[in-house]
Amino acid sequence: MTTWQVWGALLLAPYVLVFFVFVLYPVSYGLWLARNPESYRTLFEDPIFFTTVVNTIFFLLVAVNLKFVLALYLSGFFVHDRRWIRWLSVIFILPWAMPAIPTIFSIRFMFNPEWGVVNQTIFRLTGLDGPNWLTNPDLAMAMAMGVHIWKALPFWTLILMAGRLAIPKELYEAASVDGATAWQKFKYVTWPSLRTLYITSTLLSLIWTLGDFNSVYLLTGGQPADKTHVLATLGIRYIRLDQLDHAMATIVVALPFVLPLVYFMMRRLSGDEQKTSQ
Amino acid sequence: MTNRKLLSEAKLWLVAIPVLLWTLIPIYHIFLFSISTKDSAFSGRLWPDHPTLHNFVTVFKQEHFYLHHFWNQIWNSLWIAVAAGAITLAIATCAAFSISRLKAKGGRTVMNAALFTYFIPAAFLAVPMYKAMGTYGLLNNRWSLVLAMVTLAAPYAIWVLKQASDKLPWELDEAARIDGATPLQLFRLVYLPLMVPSLVAIFTYALLLTWNEYLYAFLLLSHENTIPLAVGLGHFLASDDSPWEILMATALIYGLPPAAIYYAFRRYMVGGLTAGAVKS
Chain G
655 MTTWQVWGAL
665 LLAPYVLVFF
675 VFVLYPVSYG
685 LWLARNPESY
695 RTLFEDPIFF
705 TTVVNTIFFL
715 LVAVNLKFVL
725 ALYLSGFFVH
735 DRRWIRWLSV
745 IFILPWAMPA
755 IPTIFSIRFM
765 FNPEWGVVNQ
775 TIFRLTGLDG
785 PNWLTNPDLA
795 MAMAMGVHIW
805 KALPFWTLIL
815 MAGRLAIPKE
825 LYEAASVDGA
835 TAWQKFKYVT
845 WPSLRTLYIT
855 STLLSLIWTL
865 GDFNSVYLLT
875 GGQPADKTHV
885 LATLGIRYIR
895 LDQLDHAMAT
905 IVVALPFVLP
915 LVYFMMRRLS
925 GDEQKTSQ
Chain V
67 MTNRKLLSEA
77 KLWLVAIPVL
87 LWTLIPIYHI
97 FLFSISTKDS
107 AFSGRLWPDH
117 PTLHNFVTVF
127 KQEHFYLHHF
137 WNQIWNSLWI
147 AVAAGAITLA
157 IATCAAFSIS
167 RLKAKGGRTV
177 MNAALFTYFI
187 PAAFLAVPMY
197 KAMGTYGLLN
207 NRWSLVLAMV
217 TLAAPYAIWV
227 LKQASDKLPW
237 ELDEAARIDG
247 ATPLQLFRLV
257 YLPLMVPSLV
267 AIFTYALLLT
277 WNEYLYAFLL
287 LSHENTIPLA
297 VGLGHFLASD
307 DSPWEILMAT
317 ALIYGLPPAA
327 IYYAFRRYMV
337 GGLTAGAVKS
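Going down the list, the sequences are from chains G and V. Using the working numbering, count along the first sequence one by one with no gaps and you end on 932. Using the working numbering, count along the second sequence one by one with no gaps and you end on 346.
Because the hints were derived from the structure by calculation, they are not lab data. Careful, some of the hints might be misleading.
[Claimed, not checked] No more than 25 Å apart at the CA atoms, straight line, and that leaves these computed lysine-lysine pairs for DSS-like:
1) G:Lys-823 to V:Lys-71
2) G:Lys-823 to G:Lys-839
3) V:Lys-171 to V:Lys-233
4) G:Lys-839 to V:Lys-71
5) V:Lys-77 to G:Lys-841
6) V:Lys-104 to V:Lys-127
7) G:Lys-823 to V:Lys-77
8) G:Lys-839 to V:Lys-233
9) G:Lys-841 to G:Lys-823
10) V:Lys-127 to G:Lys-841
11) V:Lys-169 to V:Lys-233
[To be verified] Stretch-level coverage of chain V by chain G, calculated; a stretch enters the list once three of its residues show a Cβ under 8 Å from a Cβ in chain G:
12) 114 to 128
13) 139 to 146
14) 210 to 218
15) 257 to 271
16) 276 to 290
Glycine residues also receive a C-beta, built at the ideal position from the N, C-alpha and C atoms.
Same shape as in the complex, but just chain G:
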């Protein structure tokens, strides 16, 4: 080995060490803990687990898709070249820029059924009691999706905006000359150029949304009666109950869904890498 190769290995070593000590060993050990079929049997018999799986599927399907349709629409709004829209986009980023706790707690208080500003306003305007936003499990799950969208929408809007800005303006000008309507411009110019990015982003967001602990835990804490858990919060709940094998089993159950997506994303980013290095 030349000096250069030695230095190459030396400089790479710290991260390799971190990966082995804090990723590879923990994950292998965790999978080993989760090898017992018995933990899956008891997990599947836990009624909370079934509710959680249903919640998680709904959360992923509804929140992610709603978020991306909104992001797609808003990215079209924010690419307008106006000074005030640029300012608005700076404000629009706030939910993403701020840490999760303050804002999610704020939303939690706003929707408190008794004292929250939302139900107080409903009461003042109509004289009726507002809905139990956070104590009705279905509503609470919907609220958690709302929180997730509130927090993550700016990021994906920015990503799709960058995608829209990369489309050559001449295409739109040509379409205008041909008398295309706004919808036709979207269908024949914007969407074909944006489709790959939109789908990649959606898949990436699916994985990350699966790991969204804060939107659910900080809003409902899984309550009432542990009916508003998703897999991410359920795993942590089992840790708190000192049932580590159940916590690991919860995660292993999601792996057949997560790993293909992770593999796909890795392939995509590595593929991009090859293109640039050539």
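For chain G, the structure is supplied; the task is to place chain V on it using the hints.
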């Protein structure tokens, strides 16, 4: 302005106003509570009759049961965030230099391992990580959170730094080699100076990620002397009749610095992944 133009302008405002309200109401709600007295906080008014800074005084003087360790917690938050930022930066810079410029053997495999860690949901990795930290005897030690956050931040850091350093011209390396420079000299005299903007961005990224983290913090740290402010804020939820106005004042103190830092470095923060994703 013609009618047509006016109409299209009105359409834009029709989108802008709901977006503005949707974005700002929860944030304004924090601010409103933090400057309200306990009574007026719950009156449902849009502006308090007697705005007050009293809540902040209570926080700074640690005059509430939940806040007895406020300064200690904010110090922990800062210490952990700076340590995680610095270590992430050091590890990721070395790795990116090695993979991108020295073309180290196995560099590609390491990059893939990093990407794998990046894509695995953090809440899933938390479970085995918690167990491992217990095995290492690090639970309730601030280093456990520092190291966990380095593990979470380093993959994206390496990827971004590698992308940035791939763009540096090869002629620099060749010239340095011909002049007989050692790898360390190349790293110190050529590479680092050229990478400064990316390095600043990555340090900021890791710093903010760590300061904002809640899940790992409350899993790994529970002793009142080691917890960061994020976990301290979580304690307010222990009872239903929490002093919301004081919690919101604390939350504002906790949330504003990272938001300010984010805006200062906004240009760099979203750039990395966007660049990668948009390319295709």
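Right, here's what the structure says about each hint:
no.: 1; hint: G:Lys-823 to V:Lys-71; in the structure: 20 Å, holds
no.: 2; hint: G:Lys-823 to G:Lys-839; in the structure: 12 Å, holds
no.: 3; hint: V:Lys-171 to V:Lys-233; in the structure: 20 Å, holds
no.: 4; hint: G:Lys-839 to V:Lys-71; in the structure: 19 Å, holds
no.: 5; hint: V:Lys-77 to G:Lys-841; in the structure: 20 Å, holds
no.: 6; hint: V:Lys-104 to V:Lys-127; in the structure: 18 Å, holds
no.: 7; hint: G:Lys-823 to V:Lys-77; in the structure: 22 Å, holds
no.: 8; hint: G:Lys-839 to V:Lys-233; in the structure: 35 Å, violated
no.: 9; hint: G:Lys-841 to G:Lys-823; in the structure: 15 Å, holds
no.: 10; hint: V:Lys-127 to G:Lys-841; in the structure: 60 Å, violated
no.: 11; hint: V:Lys-169 to V:Lys-233; in the structure: 14 Å, holds
no.: 12; hint: 114 to 128; in the structure: violated (count 0)
no.: 13; hint: 139 to 146; in the structure: violated (count 0)
no.: 14; hint: 210 to 218; in the structure: holds (count 4)
no.: 15; hint: 257 to 271; in the structure: violated (count 0)
no.: 16; hint: 276 to 290; in the structure: holds (count 5)
Figure legend: structure checked against the earlier numbered hints; hints not met, in rising order: 8, 10, 12, 13 and 15.
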